Structure formats: C-alpha cells, structure tokens
Amino acid sequence: MPFALHDPPVRPAALEAPKLSLRGASKRFGGLVALADVSLDVRRGEFLSLVGPSGCGKSTLLHLLAGFEKPDDGAALMDGRPIAGPGPDRLVIFQDPALLPWLTVADNIGFGLPKKPRELYEETVGLLLRLVHLEKFAHLRPHELSGGMKQRVALARALAVDPQVLLMDEPFAALDPQTRELLHLELQRLWLGLHKTVVFVTHSVEEAVRLSDRIAIMATQPGRIRRVLDVDLPHPRDFNSPEVAELRAAIREEMRDELAKLARREGDEGWRR
Amino acid sequence: MAPVRPRIPLLVLFAFLAAAAEAASPSPAGIARNLAHGFASGVYLKALGASALRIAAGFALAALLGGALGILQAAFAPVRRLCGPLTTGVQALPAVCWLPVALLWFGRSEAAVLFCVVVGSLFAVALGVRDGLAQVPPLLRRVGQTFGLTRWQQITHITIPAALPAILAGLKQGWSFGWRALMAGELIYASAGLGRSLTAGRDAGDANQVFAVMLLILTLGVAVDRLAFGVVEKRVLARRGLA
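Chains as they are written, first to last, in this note's numbering: chain A, 1 to 273; chain B, 1 to 243.
Take the hints with a grain of salt, since some may be wrong.
Below, a list of computed lysine-lysine pairs in the DSBU-like style, where the Cα atoms sit at most 30 Å apart [to be verified]: (1) B:Lys234 x A:Lys115; (2) A:Lys116 x A:Lys136; (3) B:Lys172 x A:Lys136; (4) A:Lys115 x A:Lys261; (5) A:Lys136 x A:Lys70.
Footprint (simulated), chain A over chain B, 3 or more residues, beta carbon under 8 Å [stated by the list, open to error]: (6) 69 to 80; (7) 113 to 120.
Which bits of chain A does chain B cover? Going by a derived footprint, with three or more residues having C-beta under 8 Å, they are [stated by the list, open to error]: (8) 22 to 36; (9) 198 to 206; (10) 213 to 227.
I should point out that these hints are in silico values taken from the structure, not numbers from a laboratory. As the structure is a prediction and not an experimental result, all values here were calculated from the model. Ideal Cβ positions, reconstructed from N, Cα and C, are used throughout, including at glycine.
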C-alpha cells in the first residue's frame, strides 16, 4: 500500500531501540522448563555475554535469538520484529567449528558468498583469509587444521556474509588455554573494528569479563536471567587490574549460589533414587 | 568258491579316472593356452562384452531404483518405517535366491538375468543412500540454516556432499552384488557372456576353460572395484580426511 499513512519514524528512539530482545520468553522441552519468562535487550553494537552453570538455558536463549527454536510464550524480536527463523543476518558460531569437510579453507570461508562474479568472490575470500591470518592455508582441508585454526575459519565464514549480529555458542570452550587466549585477542580486534552486535555464551567468567560490555548472569531450574552487569572498563583489559579482579569475584559469588543450588538438587535427586 | 578277480574292470576304471583327472585338473599352461585361444578367436571378448553390457544396464537400473528407494526412505518417515526393515532384510538375501523367482516370472530369458542383477544390487544401493542421507550431522544442517540456505540449496550444498561417502559405499557394494547375481543368472541362461562360457567349459569337461573364465570374472570384478569405485572413493575420502 504505497499511499498508506505512517507516523514518521522517531529517529532517536529508533537508534536506542534494542537490536535483539526477548519479551517474557519461555521455552519448555517436555516437562523441563528451559527458560521461564526471560526478558532481555541486546543493544546495537554491544558485546553481551551470557554466563551461568550448565543447564541454565543459555544455549536455549541463543537458539531463540538464532531462530532455531521459537518461544512457547512471549516473543523473540530483532529490530522490533518477531524472529521467524534462522538467517544470515544473525550468524551462529558453534562450539564445534562445523566446517564442511569436503571444501578447502578458502571455499569454507566463501560458503555464504555468491560464487559469481568469480573475481569478486576470490577477492573477498582473500581479504577474509588475511583478516584471520590464514592466507597460507587457503588450499588445505579442514581435517588438516588445528582446533584454533578451524574456529578462525568459522569466524571468517560468518563475517563473510556481513551479518548484523554474531551469536556465539561457547565457541572457544573446546580449545586449549593458549589458543583461546589468541582467539580472544582476534575476536576483540574484529569486534572493535567491525562493530557487530555479539551475543556470546560461555561458562568461563574470565572470558566474559575480558570481552563483554555487559554480562547477563543466568540462574537454573527454571532458566532465567538473574542479573545483568555493566562492564565499564576500557579494552583491551588488564587481567591483573583490581577492577577486573573485583568484577570476576563478584560474578563468581553470584554463580556460587547457583552452583550450590544445583549441587543440592542433584544430591537430593541422587538420594531419592 | 573261486575268488572273483575283477582285474580288467579295475584297469578300465583306472584309465577312466586318469582321463577324468586330466580333464578336471587345470594347469597354468593349459589356462594360458585357453585364454590365448579364446581371445584370438574373439569368443572371450564377445563374452566379456555381453556380460559388461548386462551389468551396465542392470546396475544403472539398480542405481536409479535403489537411489529413489533410499531417498524416499530418508525423506519420509512412514516410508522408512514401512520399507526400512524390509530393505535391510532383503539386502542380506543372496541374489541367487532370486533366480527361481526370475525364472518363474520371466522364463529363461534376458529379462530374467537382468531382473536378478537389479534386485541383487538395488537394496545395497538403497541402504547406502538412505543411511548416507539420514546420517548427515545435524550441526551441518544448522550451518546451512544460519546461512539462510533454501531447501534446495540445503540439499545440494550440505546433504548430498555430506552423504557422498556412504552413497559411494552403497553403490560399490551394489555393484559387487550385481556382478555376482549376473554370473549366477548367466549360468542358468545366456546367449553369450562369461557365465555362459563357464557353463560351456563345464559341459565340455574342460577344466582349463572353467578356470580361465573364472580368472576373467575375477579380473573384471577387481578392475571395476579398484579402478572405477576405488579411485573415486579414495578421492572423496582423502578430501575429507577419512582415508
């Protein structure tokens, strides 16, 4: 309806509008309540981490935003519109790099790109290879790469389609500490330069404190958001600074409660069995 | 009572056995002579050609039907529940068991032999295709989804390449089952073919010919397995770091 009348968009409000949001979202799997009445706004361009013990529903929350799952109640929105399904505007990076084993590193990176015109494709892939420092490995297959290299390919593959949002589901959990450290630096560099909105699921408090603008601490059974903390510290962050240490301790304290609850419950169930 | 002395019949028996033994025991030289003669006269080339044509037609048909059966089972759960156990069961049935059915339905005809080849190989192909398609890692499907692939792109870019090793294994097994079925079929009926040459050798009491033809069957079987399937399979697996 080209002549329908609309209210003019209010620019400041539109700018402040969250990129992604959950409004009273719940998700059940059979009898298990994975998420209960969760509301959360993800701001445009921010790096938000979700931390919490296993089973708190942080992956489920991410899957609602990705569109892999739909909330049973409430809504999952992007730019104020309901999320209908997965799509390349919200690219998901998994714990397993999930590269396609039959493609070379270069073609994995170019997976989401149009293959024609050929020159443009090759140029873009070349740029991305340099971005993640893998230009020497362009023609190898995934099975010839280390875990850290694979995850860098996955990152480049995601960035190739220029998504507005990156949804990262414990992407570095399977890596050794040294590789993880390197990838933290790499991700931080990319995020600072590319201004993507990132939602980052992790069970590592260090990782969350190091990378995030905000940290949502989740609680278990039913899964919900317990608290959202702002991290007003400049990047890159010094891990030995008192502020960082203080924040880490505070989050640990919050999570200790949750872990104790979890342990009690498991103990209970064990006893009942 | 005078003892029976069957000297002369015994001698005859020995002579007969010796002749039979010579006919029944092949020698390398005899086999080589037979092969040379067979190729020179064009008999073996004709037999090879006839068998190759039959296996090609039968296997192509089996790949088509088996592929369709596998795809249907992978795509539709009711079809899988209905045909799944049957496919697995029938696949284990030696192709020779289909011979009586083939003769009953088609008589001693070319169609009967073709039928044997097709049913001998079709279920192995169907199993490979079905399991290959069904066992695509769910995570790779998710990758396709997050990149916004359409259903069709999902199939061409994720499902088929991911299922390729299993599909190839199914085709390879289907081929070897089909080849066996063809030889069994050709023993019963064939105007020409390696199985026919085998029967001809037996009828002539010529062990050299029997072994020579067996050698040909073996060679062709190994050659197709190694050269056609082996090369493709090795490439596919090596790419994926599986070989």
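Hint-by-hint comparison with the structure:
For the hint linking lysine 234 of chain B to lysine 115 of chain A, the alpha-carbon distance of about 27 Å falls within 30 Å, and the restraint holds. For the hint linking lysine 116 of chain A to lysine 136 of chain A, the alpha-carbon distance of about 24 Å falls within 30 Å, and the restraint holds. For the hint linking lysine 172 of chain B to lysine 136 of chain A, the alpha-carbon distance of about 37 Å lies beyond 30 Å, and the restraint is violated. Restraint check: the Cα-Cα separation between lysine 115 of chain A and lysine 261 of chain A comes to about 52 Å, which exceeds 30 Å; the hinted pair is violated.
Between lysine 136 of chain A and lysine 70 of chain A, the direct Cα distance comes to roughly 41 Å. Violation of the 30 Å bound is thereby established for this hinted pair. Figure legend: the region 69 to 80 of chain B, annotated as covered by chain A; annotation inconsistent (0 residues with Cβ-Cβ distances under 8 Å, at least 3 required). With 0 residues bearing a CB less than 8 Å from a CB of chain A, the region 113 to 120 of chain B misses the requirement of three and the coverage assertion fails. Here's how the region 22 to 36 of chain A fares: 0 of its residues keep a CB closer than 8 Å to some CB of chain B, so the rule of at least three is not met and the hint is violated.
Counting residues of the region 198 to 206 of chain A whose CB lies closer than 8 Å to any CB of chain B gives 0, so the stated coverage by that chain is violated, three being the minimum. Counting residues of the region 213 to 227 of chain A whose beta carbon lies closer than 8 Å to any beta carbon of chain B gives 0, which falls short of the minimum of three for the stated coverage.
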